[in-house]
Amino acid sequence: MESLDEQNDSVSIEVKDSNHPDIWSVEGIARALRTHLGLTKPKAPILTGKSGLRVTIDRRLGAVRPFIATSIVRNVKPSEDALKSWISLQEKMDLTYGRKRKRASIGFYQADLIKSPLRYTVGNPEDTGFVPLGSTEKMSLREIVEKHPKGIEYGGTISSFKDWPLLENGDGKILSLPPIINSNDLGKIASDTKNILVEVTGTNIETVGNTLKIVVAALAERGGKIYSCTQTYTDKYSKPITTPDLKSSIKELSVNYANRLLGSTFKPAEMIRSLVRAGHPARQVSKDILRVESLCYRIDIMHQVDLVEDLAIALDINRLDPEWPRIWTLGGLAPETDRHETLAEIMIGLGYQELLTYSLTSPEVFVDKMGIKREKYAELMNPKMSTHTALRTWLLPSILNLLKDNTHVDYPQRVFEIGPCVVVKENGEGQTETRYKIAAATVHTAAGFTEIRSCLDTLLASIGVKFEVVPTVQPSFLEGRTGEVMSGQERLGVVGELHPKIIRAWSLSLPVAAFELEIPPMEAG
Amino acid sequence: MRENDVKVLRTLRDAGGIASAEDIIRKAGIVDAAVARASLTLSELGLVKEQTTRTTEIFCTEEGHDYLANGLPERRVATVVHDAGGKLSVSEAVQQAGLPQDFVSIVTGWIARKRWGKIEKTSSGNILLISKNPPKDEDEEVLERIGHVSIPIEELPSNLRQAADRLLKRNILASKERVQRKLQITPQGLDAIPAQASVDEISSLTSEMILSGDWKRVHLRSYNVSSPVPSLSPGKYHPYLRFLRRVKRKLVALGFREAVGPLVETAFINDDCLYMPQDHPAREIHDLYYLKHPSKASLESWKEIVEKVAQTHENGWKTGSTGWGYKYSREEASKLVLRSHGTALSVRSMISKDLQIPGKYFAIARCFRPELLDRTHLTEFNQAEGIVLDPSLNLRNLLGVLEMFAREVAGADRVRFKPDYFPFTEPSVELQAYKEGYGWMEFGGSGIFRPEVTEPLGIKVPVIAWGLGIDRLFMMNQQIQDIRQLFTTDLEWIRQQKVG
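Chains A and B, in that order, are what the protein sequence lines are. Each step along the first sequence adds one to the number in this note's numbering, with nothing skipped, and position 468 is 468. Each step along the second sequence adds one to the number in this note's numbering, with nothing skipped, and position 337 is 337.
Rather than coming from a laboratory, the hints here were simulated on the basis of the structure. All of these numbers come straight from a predicted model, not from anything done at the bench. Hints are supplied without guarantee of correctness; some may be wrong.
To be verified - The calculated DSS-like cross-link candidates involving lysine-lysine, where the alpha carbons are at most 25 Å apart (straight line), are:
id: 1; chain 1: A; residue 1: K404; chain 2: B; residue 2: K250
id: 2; chain 1: A; residue 1: K404; chain 2: B; residue 2: K460
id: 3; chain 1: B; residue 1: K327; chain 2: A; residue 2: K100
id: 4; chain 1: A; residue 1: K239; chain 2: B; residue 2: K327
id: 5; chain 1: A; residue 1: K251; chain 2: B; residue 2: K176
id: 6; chain 1: B; residue 1: K303; chain 2: A; residue 2: K425
id: 7; chain 1: B; residue 1: K418; chain 2: A; residue 2: K267
id: 8; chain 1: B; residue 1: K169; chain 2: A; residue 2: K251
id: 9; chain 1: B; residue 1: K169; chain 2: A; residue 2: K373
id: 10; chain 1: B; residue 1: K308; chain 2: A; residue 2: K251
Claimed, not checked - Okay, the calculated beta carbon distance ranges per label pair:
id: 11; chain 1: B; residue 1: S222; chain 2: A; residue 2: D368; range: 55 to 61 Å
id: 12; chain 1: A; residue 1: K188; chain 2: B; residue 2: E62; range: 52 to 58 Å
id: 13; chain 1: B; residue 1: Y438; chain 2: A; residue 2: N427; range: 47 to 53 Å
Built from N, CA and C at the ideal position, the CB exists for glycine as well.
Bound conformation, chain A alone (with noise of 0.2 Å):
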């Protein structure tokens, strides 16, 4: 619970549970809370009969979206309060569990305008239109999808195909274009209507199934009888659906299995209990198993484990006595780990601030910006900033983007980072690598290609590393203080004074003198 309003008599109440749609009403909070304080037991929605509805199926919906399940709900007792509640569930439902009425999205009508049998076609998107709801104009399917904010927001499940899904009414009257928009005239229902047809349509049949389930459960937590209503596909699924199946489901608990994964002595009865006040019926068929029953709105039950957590949590799990695992381990540094530390404080011996930049960058800062060509590098394909669009493939660009904010700052400025950069392979394995480089610069009006090779033979000395440092030329740098850094055949990096130019694309206006490696795998023993 977040907070309680005594003044207005409201409860605000965090939903932690993406699994759990059936307590994302209010409907479903009200159940869950009278059976967790023993108010009401659990107990399953009862099909009061068939409502003599039936839905034909058109096999052209095949690719688009060939699911339909429907039920029809009477005698609800209706609110502002009682709509509100629905439409929130409905949103709800749609956009999380139906995958932004993707996979699911529901439907209300008022059942007293419908006749049977009810047609799940499709339609030319020029040539079929209606008054979508909240309109006074006829609009074309397509005219819909483009132009109606429902349409323009979900409009993307069904654009790309030639035929639309369309509902039509036993009249042949259109009810709705699932899943953007019902009819203005037809698939409307207000705060008095009482009788209700829930349709939800969809890509996946057990998705479709599962949120009519909820949808009516909830409906008859405010006084509605629900009936069934039957779909005939005329393809593989040639015998008639029956909808809604509000049948539970059972799984058997072991007793021990849940007192082992808990660490607690709990007696069957006491489970039992706990797994009533869960919303779970259960009861004892031997020493050892628990016969629980699931209704039919309890997806998120997947596993006995899933009724392990339930439990625990109708006992209250700050009533479990925490408890250290008594198990013996030898903790540990990785190896690359510590080898960072130790270049780490053989840097900061030699005066050198440590730094930490983002890895994720653009190339115009990595490659443009240091005046080299690009060439392989990891880029997204979903950048959310386009100064965050590709992995580094090497760290003094982010130190150099640091420095550039630096320049009211005292000189003189020595700054080094041991961080991650990655470079693509494209071998058809794994095609990228992670790599942590060392990258080192120093910035004064006499920073220079001697101080930085100091630096840098310190460093590769104390670690043991034999090293030579060869001419080379890279654009970044000033020709003639620009060596590449080899130990044996293995280039380690490079050291050297950066160019003029790409000091002035950095807005710096002092010398830098700077080096990058590979960090130098350890010498044995």
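Add chain B to chain A, keeping to what the hints say.
Chain B only, in chain A's frame:
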């Protein structure tokens, strides 16, 4: 009076009675600490007076440097329009001037305010009319004057000061307060200057004096040891990395072994192995960074696990679960993503051939999510994550682990637990910690991995998984309000953070 005192008085007299410390250092040829000591002594004797003046130094921002090189946006657009014959649509002109389209309103605004041209509204958009190339204006003059250095705003003539204020508001210039101390000689000070400098004092001890024993015969001048000295900027750990090192030490002390792994993962490791269905909202492009180049990796080396994970997603495999009931796509699994949570590293630990049971593993993982940067969001951030594996583990052990972290890592006084939800753990528990002065805070999430996670990876014992909000804990410790501070480019802040 000592030698340096006299030198300072002489320098002041020669400079017309008043000079800044920098001037004295240069002219008297003594170091700044000596000037500071001398000025302290002399002002105590009433021979000099200190005057403090505050100036506002202005300098170009990064944007300002750009305009310095390429011209102000309105200038660039005006030139384009003029060169195009004096008439051009605004958006066309902005584009030709090499500026993004969101500059349209800025540029038209300034051109109108500076009366450089007219804006004609037509049905097809706004047209700019600029008949003659406008002469250089005050804004541009200020920008040129400043160039790549910083100057006191007070030195600008008043008409240019207004222009500087405009540029400050436009973020083209930035400013910094500067306090300048000057020394002024008093009449008593002028009288006190001796005709000849006294030389009976020695200021520096030399190696020769030490070796020869001469130090016994000379008089070594006393220093004012209380006076201020220049500050140094030593090499230090970055404040946030220092904090992470401390967290790592705690975890190692608790018997956890560190795990490391790549920033780029397959969706298989990042999500599938954690039983996150392939159409889970957290896998949408709004919540997960996908790579464009390269976009996929081979899953060949995980072949056997892929098979089991696929079946678990589809129908529960042998785990006793119903599964998610959808068609698993190996194509989707092979997509490359940026690691979005530290739990990916726990997966890496579990599938490693070096895994030990009983075992405790942790990782401080750099993670990525498509967020815009603001006070509470980073697109690149850190998570502390870990697992504990042993046949004996249960939910009470999970609570025990959380309680230990709250006390040892966060220094919390009390803890409480709330049920939580993650697709990969069941039961799941949120840790709330109470700290005097802060109240109750959400501090981490945890749970026991679902059998649908562990069994396909070949693990048959309970696995406790935990994650700590490490970025937030650091912010609390350092009293930081804005999460962007973790990756700040402010070197002064990095240098000056207290080391606790």
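Here is what the structure says about each hint:
Distance hint between K404(A) and K250(B) is unfulfilled; the C-alpha atoms sit about 36 Å from each other, more than 25 Å. Between K404(A) and K460(B) the alpha-carbon distance is near 53 Å, which puts this suggested pair outside the 25 Å criterion. For the hint linking K327(B) to K100(A), the alpha-carbon distance of about 19 Å falls within 25 Å, and the restraint holds. Taken as a hint, the K239(A) and K327(B) pair is honoured in the structure, with Cα atoms around 24 Å apart against an allowance of 25 Å.
Of the supplied pair hints, the one linking K251(A) and K176(B) is violated, its CA atoms being roughly 70 Å apart against a limit of 25 Å. This hinted pair checks out: K303(B) and K425(A) have alpha carbons roughly 21 Å apart, not beyond 25 Å. Taken as a hint, the K418(B) and K267(A) pair is honoured in the structure, with Cα atoms around 24 Å apart against an allowance of 25 Å. Among the hinted pairs, K169(B) with K251(A) is inconsistent with the structure: their alpha-carbon atoms are about 68 Å apart, more than 25 Å.
A distance of roughly 37 Å separates the Cα atoms of K169(B) and K373(A); the hinted pair therefore is violated under the 25 Å criterion. Distance restraint check for K308(B) and K251(A): the Cα-Cα separation of roughly 23 Å lies within the 25 Å cut-off, and the hinted pair is therefore satisfied. Between S222(B) and D368(A) the beta carbons are some 59 Å apart, a value that agrees with the proposed interval 55 to 61 Å. In this structure the hint that K188(A) and E62(B) lie 52 to 58 Å apart at CB holds, the actual value being about 56 Å.
Checking the proposed 47 to 53 Å range against Y438(B) and N427(A) shows it holds: the Cβ atoms sit about 50 Å from each other.
The structure fails to meet hints 1, 2, 5, 8 and 9 from the earlier list, while all remaining hints are met.
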